[in-house]
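Participant: As they're listed, the protein sequences go chains A and B.
Residues in the first sequence are numbered from 1 upward in steps of one, following the numbering used here.
Residues in the second sequence are numbered from 1 upward in steps of one, following the numbering used here.
Treat the hints with care, since some could be wrong.
Any copy, or any two copies together, can satisfy a pair, since identical chains are not distinguished.
Okay, derived cross-link-like pairs now, SDA-like style, lysine to any residue, Cα gap no bigger than 25 Å in a straight line [to be verified]: (1) 62 with 218; (2) 94 with 200; (3) 22 with 224; (4) 224 with 273; (5) 22 with 67; (6) 277 with 26; (7) 312 with 131.
Because the hints were derived from the structure by calculation, they are not lab data.
There are 2 protein chains.
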Amino acid sequence: MKKYILGVDVGGTNIKLGVIDKTGSIISRSRLDTKSYIRSKNKLIEAVITEINDMFSSCNLKKSHFVGVGIGLPGLVDPINGIVKFLPNIPGWKNVPLKKIFEKQLFLPAYIENDVNMITLGEWKYGAGKGVSDMICLTLGTGVGSGLILDGKLYRGAGYAAGELGHIPLNEKGPQCGCKGYGCLESYVGNQRLQERAAKIFKRKQIVLEEVTDLAEQGNLRAKEFWQETASHIGNALTGVVNLLNPTRIVIGGGVSDAHKFLFKTIEKTIKNRAMKVQASMFKIVKAKLGGDGGIIGARVLVEDMKSLKRKKKE
Amino acid sequence: MKKYILGVDVGGTNIKLGVIDKTGSIISRSRLDTKSYIRSKNKLIEAVITEINDMFSSCNLKKSHFVGVGIGLPGLVDPINGIVKFLPNIPGWKNVPLKKIFEKQLFLPAYIENDVNMITLGEWKYGAGKGVSDMICLTLGTGVGSGLILDGKLYRGAGYAAGELGHIPLNEKGPQCGCKGYGCLESYVGNQRLQERAAKIFKRKQIVLEEVTDLAEQGNLRAKEFWQETASHIGNALTGVVNLLNPTRIVIGGGVSDAHKFLFKTIEKTIKNRAMKVQASMFKIVKAKLGGDGGIIGARVLVEDMKSLKRKKKE
Numbered sequence: 001m002k003k004y005i006l007g008v009d010v011g012g013t014n015i016k017l018g019v020i021d022k023t024g025s026i027i028s029r030s031r032l033d034t035k036s037y038i039r040s041k042n043k044l045i046e047a048v049i050t051e052i053n054d055m056f057s058s059c060n061l062k063k064s065h066f067v068g069v070g071i072g073l074p075g076l077v078d079p080i081n082g083i084v085k086f087l088p089n090i091p092g093w094k095n096v097p098l099k100k101i102f103e104k105q106l107f108l109p110a111y112i113e114n115d116v117n118m119i120t121l122g123e124w125k126y127g128a129g130k131g132v133s134d135m136i137c138l139t140l141g142t143g144v145g146s147g148l149i150l151d152g153k154l155y156r157g158a159g160y161a162a163g164e165l166g167h168i169p170l171n172e173k174g175p176q177c178g179c180k181g182y183g184c185l186e187s188y189v190g191n192q193r194l195q196e197r198a199a200k201i202f203k204r205k206q207i208v209l210e211e212v213t214d215l216a217e218q219g220n221l222r223a224k225e226f227w228q229e230t231a232s233h234i235g236n237a238l239t240g241v242v243n244l245l246n247p248t249r250i251v252i253g254g255g256v257s258d259a260h261k262f263l264f265k266t267i268e269k270t271i272k273n274r275a276m277k278v279q280a281s282m283f284k285i286v287k288a289k290l291g292g293d294g295g296i297i298g299a300r301v302l303v304e305d306m307k308s309l310k311r312k313k314k315e
Numbered sequence: 001m002k003k004y005i006l007g008v009d010v011g012g013t014n015i016k017l018g019v020i021d022k023t024g025s026i027i028s029r030s031r032l033d034t035k036s037y038i039r040s041k042n043k044l045i046e047a048v049i050t051e052i053n054d055m056f057s058s059c060n061l062k063k064s065h066f067v068g069v070g071i072g073l074p075g076l077v078d079p080i081n082g083i084v085k086f087l088p089n090i091p092g093w094k095n096v097p098l099k100k101i102f103e104k105q106l107f108l109p110a111y112i113e114n115d116v117n118m119i120t121l122g123e124w125k126y127g128a129g130k131g132v133s134d135m136i137c138l139t140l141g142t143g144v145g146s147g148l149i150l151d152g153k154l155y156r157g158a159g160y161a162a163g164e165l166g167h168i169p170l171n172e173k174g175p176q177c178g179c180k181g182y183g184c185l186e187s188y189v190g191n192q193r194l195q196e197r198a199a200k201i202f203k204r205k206q207i208v209l210e211e212v213t214d215l216a217e218q219g220n221l222r223a224k225e226f227w228q229e230t231a232s233h234i235g236n237a238l239t240g241v242v243n244l245l246n247p248t249r250i251v252i253g254g255g256v257s258d259a260h261k262f263l264f265k266t267i268e269k270t271i272k273n274r275a276m277k278v279q280a281s282m283f284k285i286v287k288a289k290l291g292g293d294g295g296i297i298g299a300r301v302l303v304e305d306m307k308s309l310k311r312k313k314k315e
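Chain A extracted, bound-state conformation (with noise of 0.2 Å):
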């Protein structure tokens, strides 16, 4: 019987592959090194497409016990077509089919998804989003994404590009944004500005956010003031969001999450004090509950939503 799917979560650094059976469990993983085959789309699916056949035969299973394969990439990703068009940071990725690239090697039906929407995913039936129909899903990293559950179901735009959150702006005339744009979100609170700031709060060359929670955790008040800022200015993003999109969970993941003992507390009552009455009293923040597994298990949630979608069509 068809139950088992495989996930593949292709990211900057690792690309990483599981075999994900009905309850949502991972059950099976593999993982490659993204660098190795960054020079040549075609080797990087060459490689995927082995080790996805390598799973199989490891895991002591058939073909015919998956039900199909959940691809999820950075960048911009026509889902419906099954087209990646574009990743910023893995060169040579512009309008690939790839869903028909993997079908036809794979003989096994094939979805592709933003990676943000696919932890989305993940997260909604799996991790910390379970059972509700309004839902933000913030990641926090290097970049700050984020995908939307809206009246049960991904949003995805126009155009597929919707959820950049990361780039609502918080001031008019805020710093220039690596998307052109000014004053956004990230550009107060992605990885690289956070460093940038801690480093000159504790006047050092360069200092690791990991050990800014440390320092917070032994209650170094700069420490704790500079997750405090963090936060708000994240509640105040998502003050807007709650306003516009009255969500019950906003689900908050990535690397900078790790420090949501300084963080979320901040946030909640930042949205509490700004956000309009009703929308103010039905929201709860929700730290991520799948980790670096999000994006494979959201792989699951992703082929029966479009194998199902099918169907639909079909009747």
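Keeping the supplied structure of chain A fixed, place chain B upon it in accordance with the hints.
Facilitator: Just chain B now, with coordinates in the frame of chain A:
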């Protein structure tokens, strides 16, 4: 044959009523003065029902010609259960089961909705948003509101409070807003705030916005700059919304939008300059087409949507 819908648009000043045919045209209209009934919820309801019955007879139409009644109200409405949660500017309305009350007295299906959502539905199906799946409908008046069409459906939010685009913060340390937040778009471009700013600029005790528009028409530089600054605030707020929701259409209506000649180009330029590439390339800004009739005409869309929802649930 059932083909007409009766639309009611309850506003702070007027209650507008209209009979809408299959093409979305109003074939008969009527109007009540809200102030005469503002002290008593029951009198207001009674007056509307009497007026509806009068319209039936004056149009030579029978009840059996009507699919149903759609009522828009200026406040928080639960359209699924048919309950008016509260109306901020009409006292005495709290948790009123208005759908039930109307259906009991009219012997026709009745549906209720927030007024801005009603305008959004009208513009989407019969106005400036025809044919698109992802649309923001912004209303610029005393308040700044919006309705969201996402994935070909009105998005209401978990507590039916979504769409508060007027309460997206423009600046972290902005002025306090009536909603208790800070730096909200409405606290920059709400009608009252604009009039105050205009009075200061033109060194007058009072000046209406129509006059500022007339001055701009005549080439007055300060008037043109006034509208440009207003447009740039609106554009900055919409930049975040465009990045987050990736719509293809932005419909702008409400009294302030009468100055569209001096607003729309700057709004569009601001978003194109600040928003992300894909999102910035996809949207179009259009003036609302239905004017003051949007709320009544939207009733047609609401009634049909709610009826088809009911049918689907039965299946």
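Participant: Next step is simple, just say for each hint if it's right about the structure.
Facilitator: Hints and how they fare:
1. In this assembly of identical chains, the alpha carbons of residue 62 and residue 218 never lie at most 25 Å apart, being 52 Å within a copy and 77 Å across copies at closest.
2. Neither within a single protomer nor between protomers do residue 94 and residue 200 lie at most 25 Å apart by alpha-carbon distance, with minima of 39 Å and 53 Å respectively.
3. In this assembly of identical chains, residue 22 and residue 224 lie within 25 Å of each other by CA distance neither inside one copy nor across copies; the values are 42 Å within and 62 Å between.
4. Taking the shortest alpha-carbon separations for residue 224 and residue 273, only the intra-copy value of 20 Å comes in at or below 25 Å, while the best inter-copy value is 36 Å.
5. Proximity of residue 22 and residue 67 under a CA criterion of 25 Å is satisfied intra-copy only: 10 Å inside one chain copy versus 45 Å between copies.
6. For a Cα distance limit of 25 Å, the shortest separation of residue 277 from residue 26 qualifies neither inside one copy, at 41 Å, nor across copies, at 36 Å.
7. Both within a single protomer and between protomers do residue 312 and residue 131 lie at most 25 Å apart by alpha-carbon distance, with minima of 23 Å and 22 Å respectively.
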